[in-house]
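Required output: the full structure, derived from the provided sequences and hints.
Given next are the chains, with one letter for each unit.
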Amino acid sequence: MSATSIMAKVSELRKLATLENFKLLIDNGIRAMALPVLGICMFLLLWQLVANNIVTSLGQFPGPTQVYEQSQNLVADHNRERNKEASFYERQEKRNAKKLEKNPDAKVKVRTYPGKATFFDQIVTSLITVAFGFLIATLVAVPLGIVCGLSESAYRCVNPIIQTFKPVSPLAWLPLVTMVVSALYVSEDPFFEKSFLTSAFTVALCCLWPTVVNTIVGVASIDRDLINVSRVLQLNAWVHIRKIVIPSAIPMIFTGLRLSLATGWMVLIAAEMLAQNPGLGKFIWDEFQNGSSHSLGRIMVAVLVIGIIGFALDRLMLALQRAVSWDKQAILR
Amino acid sequence: MIEDSYLQISQVGIEFPTDGEPFRALQDVQLKIAKGEFVSLIGHSGCGKSTVLNIVAGLYKATEGAVILEEREVSEPGPDRAVVFQNHALLPWLSVYQNVELAVKCVFKKTKTEHEIKDWIEHNLSLVHMDHAMHKLPNEISGGMKQRVGIARCLAMQPKVLLMDEPFGALDALTRAHLQDSLMEIQQQLGNTVIMITHDVDEAVLLSDRIVMMTNGPAASIGEVLSIDLPRPRDRVVLAEDPEFNNYRQQVLRFLYEKQRNPAAKAVA
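Chains as they are written, first to last, in my numbering: chain L, 7 to 339; chain B, 3 to 271.
Derived from the structure by calculation, the hints contain no laboratory data.
Please note that a few of the clues may not be correct.
Listed next, the in silico BS3-like pairs over lysine-lysine satisfying Cα-Cα at most 30 Å (straight line) [stated by the list, open to error]:
| id | chain 1 | residue 1 | chain 2 | residue 2 |
| --- | --- | --- | --- | --- |
| 1 | L | K15 | L | K29 |
| 2 | B | K107 | L | K249 |
| 3 | L | K249 | B | K111 |
| 4 | B | K114 | B | K138 |
| 5 | L | K249 | B | K114 |
| 6 | L | K334 | B | K120 |
Okay, the calculated beta carbon distance ranges per label pair [to be verified]:
| id | chain 1 | residue 1 | chain 2 | residue 2 | range |
| --- | --- | --- | --- | --- | --- |
| 7 | B | K114 | L | F126 | 56 to 64 Å |
| 8 | L | K21 | B | D183 | 48 to 56 Å |
| 9 | B | T113 | L | D333 | 47 to 55 Å |
| 10 | B | K107 | L | S157 | 21 to 29 Å |
| 11 | L | E26 | B | E187 | 50 to 58 Å |
| 12 | L | S159 | B | F18 | 15 to 23 Å |
| 13 | B | N249 | L | S159 | 53 to 61 Å |
| 14 | B | P24 | L | D333 | 34 to 42 Å |
Only a predicted model underlies this, so the values are computations on that prediction, with no experimental measurement involved.
Ideal placement from N, C-alpha and C gives every residue a C-beta, glycine not left out.
Here you go:
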């Protein structure tokens, strides 16, 4: 074979190779992007078809287009309310400035804007409430799980209680929590709303258990060799927990935390409906009571937002797990 | 104190509870070890070699008898009896340096300054030729390197007895040979008292001053003890053709495969 024909062969091979690569790239692209998009489109189509055939006493069941409209409306409501608020403060400031101009000793009143919470305010309230409840649950569940994982006797003591309370619905807890909060949280100038505390504690009570159970399993299944190392070094309990127990149980603890947060987020909506905590649950309840022709569309917006936030919270925990975990090669999903 | 009862395993026996009759793993294990001596325990798997080591370490409690180290009875695990585990048992979330540091701080927290501790860790890592990878995580180094670190961690504790549970069993032949040479060199230099479990006959003869051969379980005990009077330092290549070395090897092999046939092999036959 002459040199030129070899060269030609090589360039031909190279072209083939790039073509192969290109195909692979497209394949991967399809898998990563096109398939999920296809799935979503099919879902939207089906939704629209089904929605067209359902008529309720509040009008037709909202399809994707109506839901999109309502989401635009909610954004517009929010902006309108913010503008109103801004102009309210502006007027108040001017009025007070005038007053002070006339009489520098005059007492000026500063009022906070009395307008109603918008959809976005309610999202923020929900997030704060779930975060607070989840935090309380974590602070109780992780130490409890570690103690029960380390000590067989502690586990045997606590296990029946865990198994009994684990399947209890948030709705069962709520009346009790409401009464307890009303009875115990008495203050002239409360820092937290009672409805906030009721919702947060209900969330905490329900999302305690996955973290407890998974932490126990994680701690109880530490490699025996590592425990023996700790015994040979005569590590005291505190160092043993910090250096050996927690790092090896971290993956299981996070599995528990992620399940807990997902549970907590679900429980929160129910709790807010009944406790009238001004979050997404209350939004849905109010819209339902409202019974306008837009209500169902707005509730559907809330449903989607709840879903997306739940998904985002899980990703957030996953990112946190990645940051905390020592094993950077571990595949986390 | 008699020179050769630095470590004394005296009439040790152990039973493990089971659902039915308790299982007797060891019976009447009797052994005296001198300071600076290198002793290997050899026997078929399941004969209770590891159990003996765990009792000396204090990880198991003997049902009867006692282990006496420097005239004091062993009652719990402690850093004066450091254990090199077969699977290195490094904490995977700590770097090589931090793994050794954890051990050093447990032993020398009160007697060494911060600076001395750092020097001591580095010194011990360089003994096993691992000072170049101090800040790597165990996952990032090879199996042989992990075991080197495991040995450094134990050496750094300056134990009275170094207990090694099949330390090279999980390594390939070349790596094993390297580590055996390193261990011989270090033991020559520091004069550690070592008990090593092995089922590799060559390894036992090459490294040991005495080989303790165990009978098959249940109720295993010491069958024979063989003193290896080969001059040190020992060179594996030279010894391979040494008639005395081969004679020792044959004695161990004869014990293992004629007097104490492998229980598994017996079952097949």
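How the hints compare with the structure:
Among the hinted pairs, L/K15 with L/K29 is consistent with the structure: their alpha-carbon atoms are about 21 Å apart, no more than 30 Å. This hinted pair checks out: B/K107 and L/K249 have alpha carbons roughly 13 Å apart, not beyond 30 Å. Pair hint L/K249 plus B/K111 holds up; C-alpha atoms about 16 Å apart against a cutoff of 30 Å. Taking the CA atoms of B/K114 and B/K138, the gap is about 25 Å. The hint holds against a cut of 30 Å.
This hinted pair checks out: L/K249 and B/K114 have alpha carbons roughly 22 Å apart, not beyond 30 Å. The hinted pair formed by L/K334 and B/K120 meets the criterion: a straight-line CA distance of about 27 Å does not exceed 30 Å. Between B/K114 and L/F126 the C-beta distance comes to about 59 Å, which sits within the given range of 56 to 64 Å. At about 55 Å, the beta-carbon gap between L/K21 and B/D183 stays in the expected band of 48 to 56 Å.
For B/T113 paired with L/D333, a C-beta distance near 35 Å fails the hint of 47 to 55 Å. For B/K107 and L/S157, the hinted distance range of 21 to 29 Å is satisfied, since their beta carbons lie about 26 Å from each other. In this structure the supplied range 50 to 58 Å holds for L/E26 paired with B/E187, their Cβ-Cβ distance being about 54 Å. In this structure the supplied range 15 to 23 Å holds for L/S159 paired with B/F18, their Cβ-Cβ distance being about 21 Å.
Evaluation of the 53 to 61 Å hint for B/N249 and L/S159 yields a pass: the beta carbon distance comes to about 56 Å. About 40 Å separates the C-beta atoms of B/P24 and L/D333, a value consistent with the hinted range of 34 to 42 Å.
The earlier numbered hint that this structure contradicts is number 9, and it is the only one.
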